[in-house]
Amino acid sequence: MSDELVFYTNPQSRGRIIRWMLEEVGAPYRTEIVDYGTTMKDTAYRAINPMGKVPAIVHGGKIVTECAAICAYLAETFPDAGLAPQPAERADYYRWLFFAAGPVEQAVTNNWAKFEATAEQGRMFGYGSFDQAVSVLEQAVSAHPYIAGDRFTAADVYVGSQVGWGTMFGTLPKRDAFLAYHERLTARPAYRRAAEADDALIAAAA
Numbered sequence: 071m072s073d074e075l076v077f078y079t080n081p082q083s084r085g086r087i088i089r090w091m092l093e094e095v096g097a098p099y100r101t102e103i104v105d106y107g108t109t110m111k112d113t114a115y116r117a118i119n120p121m122g123k124v125p126a127i128v129h130g131g132k133i134v135t136e137c138a139a140i141c142a143y144l145a146e147t148f149p150d151a152g153l154a155p156q157p158a159e160r161a162d163y164y165r166w167l168f169f170a171a172g173p174v175e176q177a178v179t180n181n182w183a184k185f186e187a188t189a190e191q192g193r194m195f196g197y198g199s200f201d202q203a204v205s206v207l208e209q210a211v212s213a214h215p216y217i218a219g220d221r222f223t224a225a226d227v228y229v230g231s232q233v234g235w236g237t238m239f240g241t242l243p244k245r246d247a248f249l250a251y252h253e254r255l256t257a258r259p260a261y262r263r264a265a266e267a268d269d270a271l272i273a274a275a276a
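Numbering (the working numbering), first residue to last: 71 to 276.
One should not assume that every hint holds.
In silico DSS-like links for lysine-lysine, alpha-carbon gap of 27 angstroms or less [claimed, not checked]:
{"no.": "1", "residue 1": "Lys111", "residue 2": "Lys132"}
{"no.": "2", "residue 1": "Lys244", "residue 2": "Lys184"}
{"no.": "3", "residue 1": "Lys111", "residue 2": "Lys123"}
{"no.": "4", "residue 1": "Lys123", "residue 2": "Lys184"}
Calculated from the structure, these hints are not laboratory results.
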């Protein structure tokens with residue numbers, strides 16, 4: 071079985087999160103660009119991700135989808151990159167990685183869709199309310215330089231991407247804590263390499 075790492079993405083998608091993670095990891099990978107209108111919905115790609123969405127990776131014949139899961143998988147699979155949590159970081163690492171992938175994602179998308187839960191509905195939702203989820207996220211990124219402590223980890227790739235996109239596109243408020251956190255992350259060489267690679271793909275397709 072091949073140990074090749076194949077990355078399925080579109081440069082105008084959440085695949086940018088995983089491109090950044092792959093650049094942080096430093097392992098060789100092959101990129102397959104999937105088009106929204108054609109290849110993303112065809113039978114061959116749906117065999118990889120039945121949701122017909124990117125990103126996805128195939129490594130050693132195994133498929134991983136969902137950005138948070140891919141980040142965690144790559145951190146554990148390539149430990150020499152130092153992106154998996156150390157024992158003292160595990161609680162915050164997993165807590166905030168999955169908080170961003172769950173409650174924050176739900177709160178942001180529902181708010182963007184202008185769905186406002188009643189107080190009764192809010193008791194059933196994992197995020198309670200948009201304002202509550204945003205305030206908790208703000209506290210999380212303010213507690214330490216990075217989401218799990220004083221050291222950059224794979225959780226910062228995911229949480230930082232959520233914060234960066236949210237403040238850029240207006241789905242999150244531009245609070246000082248969010249902007250300062252994202253500024254620390256975008257200074258990383260791997261972030262810049264990933265952004266340049268995806269921006270070049272967008273320019274070439276224009």
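Open item on the list: Next pair to validate is Lys111 with Lys132; report whether the Cα-Cα distance is within 27 angstroms.
Closed with: 20 angstroms, holds
Open item on the list: Please verify whether Lys244 and Lys184 have alpha carbons no more than 27 angstroms apart.
Closed with: 19 angstroms, holds
TODO: Would you mind confirming whether the straight-line C-alpha gap from Lys123 to Lys184 stays at or under 27 angstroms?
DONE: Judged against 27 angstroms, a Cα distance of about 23 angstroms means the pair holds.
Open item on the list: Please verify whether Lys111 and Lys123 have alpha carbons no more than 27 angstroms apart.
Closed with: Holds. Lys111 to Lys123 sits at ~8 angstroms (cutoff 27 angstroms).
No hint from the list above goes unmet by this structure.
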